[in-house]
Amino acid sequence: MSSTATRSPSEAVLRTENLGRIVAGKTILSGISFTVQTGELLGIVGPSGSGKSSLLRLLNRLDEPSTGTVFLDDLDYRQLPPRELRRRIGMVMQRPFLFPGDVATNLRFGPAQRGEAMPEDEIASLLERVGLAGFAAQEVSVLSGGEQQRVSLARTLANRPEVLLLDEPTSALDEQSKQGIEELVGALVRDHGLTCVMVTHDRDQARRMCHRVIVLEAGRLVQSGLAVEVLGA
Amino acid sequence: MLKSLFNSEISLGLAQAGIASLIALAVILLARRRNIHLESDAAVALLRGIIQIVAVGSVLALLLKAPRWTSVFLLAGMVVAAGSISAKRAKNIPGAAKISMYSIAVGAGLVTAIMTWAGVIDTAITSLIPVGSMIIANAMNTNGLALNRFRAEVLAHTGEIETALALGATPRATIGRYAETSIHSSLIPAIDNLRSLGIVWIPGLMTGMLLSGARPLYAAIYQFVVIAMILASSGLTSLLSTTMIQAHAFSKADQLVLKGAE
Chain A
40 MSSTATRSPS
50 EAVLRTENLG
60 RIVAGKTILS
70 GISFTVQTGE
80 LLGIVGPSGS
90 GKSSLLRLLN
100 RLDEPSTGTV
110 FLDDLDYRQL
120 PPRELRRRIG
130 MVMQRPFLFP
140 GDVATNLRFG
150 PAQRGEAMPE
160 DEIASLLERV
170 GLAGFAAQEV
180 SVLSGGEQQR
190 VSLARTLANR
200 PEVLLLDEPT
210 SALDEQSKQG
220 IEELVGALVR
230 DHGLTCVMVT
240 HDRDQARRMC
250 HRVIVLEAGR
260 LVQSGLAVEV
270 LGA
Chain B
-9 MLKSLFNSEI
1 SLGLAQAGIA
11 SLIALAVILL
21 ARRRNIHLES
31 DAAVALLRGI
41 IQIVAVGSVL
51 ALLLKAPRWT
61 SVFLLAGMVV
71 AAGSISAKRA
81 KNIPGAAKIS
91 MYSIAVGAGL
101 VTAIMTWAGV
111 IDTAITSLIP
121 VGSMIIANAM
131 NTNGLALNRF
141 RAEVLAHTGE
151 IETALALGAT
161 PRATIGRYAE
171 TSIHSSLIPA
181 IDNLRSLGIV
191 WIPGLMTGML
201 LSGARPLYAA
211 IYQFVVIAMI
221 LASSGLTSLL
231 STTMIQAHAF
241 SKADQLVLKG
251 AE
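Residue numbers (the working numbering), protein chains in the order written: chain A, 40 to 272; chain B, -9 to 252.
Check before you lean on any hint, since a few could be wrong.
[To be verified] Cross-link-like lysine-lysine pairs, in silico, DSS-like; alpha carbons within 25 angstroms at most: (1) B:Lys242 with A:Lys65; (2) A:Lys65 with B:Lys249; (3) A:Lys65 with B:Lys81.
These aren't lab readings, by the way, just hints derived from the structure by calculation.
This is chain B alone, in the form it adopts within the complex (with noise of 0.2 angstroms):
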């Protein structure tokens, strides 16, 4: 129906994403009949989202002119803007915006620097780009639940924790066992995305290829290749900052720092 309306690419796809942010934004009011209170969030997510995109695109249509290297400086920005946000995942803290920073620039980077020179992924731009962009994204959906959990299981065993320091343990053997749930918890996601691939959905990277004429059977296992990309980049990232982070839950004379409200 919209296609017969509009004649430009530019204005049908600013209609597509209206009609789309107008089923989100109707589930959101649904919500609110329930007493649940998104509209602000969703509404400001929403503009964000479209913006950032947009100018992203905008970018894009650029630096396709642009030198190959230029995208490492691209990927390297994607990396301090996932560290900061995924950060927010960390309250209290101290450091945890250098760590997410440290952590998801050495997993994705490291994956997508070996993929690079092993072939796997193009060292042209409009490969390189969306690609590291959803590896470094996903190492920052991996580094957020990662230490949103490991905040959550420390605040929930206070009292373990420094029972077990009193009886004279290191700051690691006392909080161990919620980094090992927190790194397990945080890579759930990854391997069920791994485990449903092509049978509950197929992922966006797949479906453009097919729509820019790619071979299906080639789409689909380069898709499987970059979801397993993903599992490993998240897992080095989530094994990283989990381990960091460890030793800013204490103070310099094994002190708890990492608590609720006193």
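Same shape as in the complex, but just chain A (with noise of 0.2 angstroms):
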């Protein structure tokens, strides 16, 4: 599913150096710097309003740093084509923003881009992966929330992405389905060796998920460490 096969676990495949973002004369993010290892789950933390969404639209180049730079596997992003470094890091919204249609229709959006068909099988398989046997044919707007993001989840998924970035993706969920989101991700990244970044302000949400985590405030790392460290256990 991911391409972590030719890179072995603990080398930093994601590697941000002094990221800023100033938004009208105001600073948003400054002098973040981290890096992400393959196959972990690292969580960015911090109350509303710290940068967190902001930093993870820097991560796949949503928008553009003000300073400092992100690289992929030692190579600054900013030397690949954006549609490419889009392929490589996934991310799944706060929202799913489905596409009018069916199940399957949402999940070959992305291969289509390439030119590339997803054939049926690839998306059986990945339904099955995300607890969506079966759905390919269902239309995106009979679908309960939780259901909703699974599709986005496996949409993003069908990308066959390096590092999978998710703003938080149980925020608008009830408590069954954000179980339910947290049980999948937890699976894809102990089962499947993806590497992912959550962006979560529940603190309770990333000491269970997540390997490490970087505390955010006020648009600066403040904290940085192995999650059971840093938020307690």
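Bring the two chains, given one by one in their own frames, into a single complex with the hints.
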């Protein structure tokens, strides 16, 4: 599913260097440097307005850094065509924003942008992995919030990303759906070696799910380390 | 009643303009009672309107004696003004004024040139300027509607657009259907004008032709010709401006730059 086979665990796949963003004279992020190891789930935590989502948007270059840069496999990501970069660093938004049509249409979207057709069996296998077996022909308009977020996740995974960015993927979900998504992401990291960076304002969730965390406050990185050490046991 | 009070045509015209303005202001005051405040906008627009149209009337009076080629410069001036006015409907989109001017110039200019070459529009200043200005003005309105709708569509669908970008789509692929909606909606007035021609309204040009003694049937057919030309030029303008503005909604790194407050 991901391209981790050529990399050994604990090798840095993603590295930020002095990353910053200034919008209309206001500093949103400043001096952010950290690494993401292959196969880990790194959490970005912090209070509302601390710059968590803004940082995630910089990682797949939906916004342009005002200072610093990001290295993907030691290559400055500005040297990559944006479309290739976004395929390699996939992103799941806070809201799923599914495209009109059925589930399969949504899954085919990413590969279709590169002129690739996604075979039926691959769609079925991906849906099974996210707990939506048999949903391929289902219209997205009739799905529950949790199911929509799973489709959104599968749609990003269809691009076979090397790093998966998750922006508060459970913030709009009920408790049961939230637990389901947490288990799913955990399984993807544990069983398939997927590298993930997840934004969450929920420190308990970060403690449950993440290996390491970085803590942001007012756009600055104030703490980083193992989740259990930084957030407490 | 007014005709018996004023001897000169100019005084009569100004008095008629005064009465029309008073009725418009009365409606504005009525709207004020419902907390819709248009007073200053409407007052300025009425004042600007009368000054501009009197100025144009005066210039036309002078131009009637000028060589025919001078009308090209006058129409070019109108295109520049139209581009600048309709670009205001595309707030926050860089390059909107230039794109508007170019689109109106090509849309209105091409149709006017073809129709003049074909002999449909007479090259006399008294014919080319009024018909050309009608085509430019309508292209301006359509362009403004298209850009305004495009901006609104993009702002309303930022999440969908950025989701598609994040999945590796090209900017054009993410924004195409919003551009199509903008083109379609911008042309609704022009299509409705054509559809309701003669049933709901008898446009000014036909009225003018009838008043100046033209045969009603020819005046009617010519009015259709003008409205059809307006549809053609408006369509071309909208198509061009919406196509060009799409590129300006994104940065070189395929980032959506047309956004609300961040």
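Worksheet item: Which numbered hints are broken by the structure, listed smallest first?
Response: none
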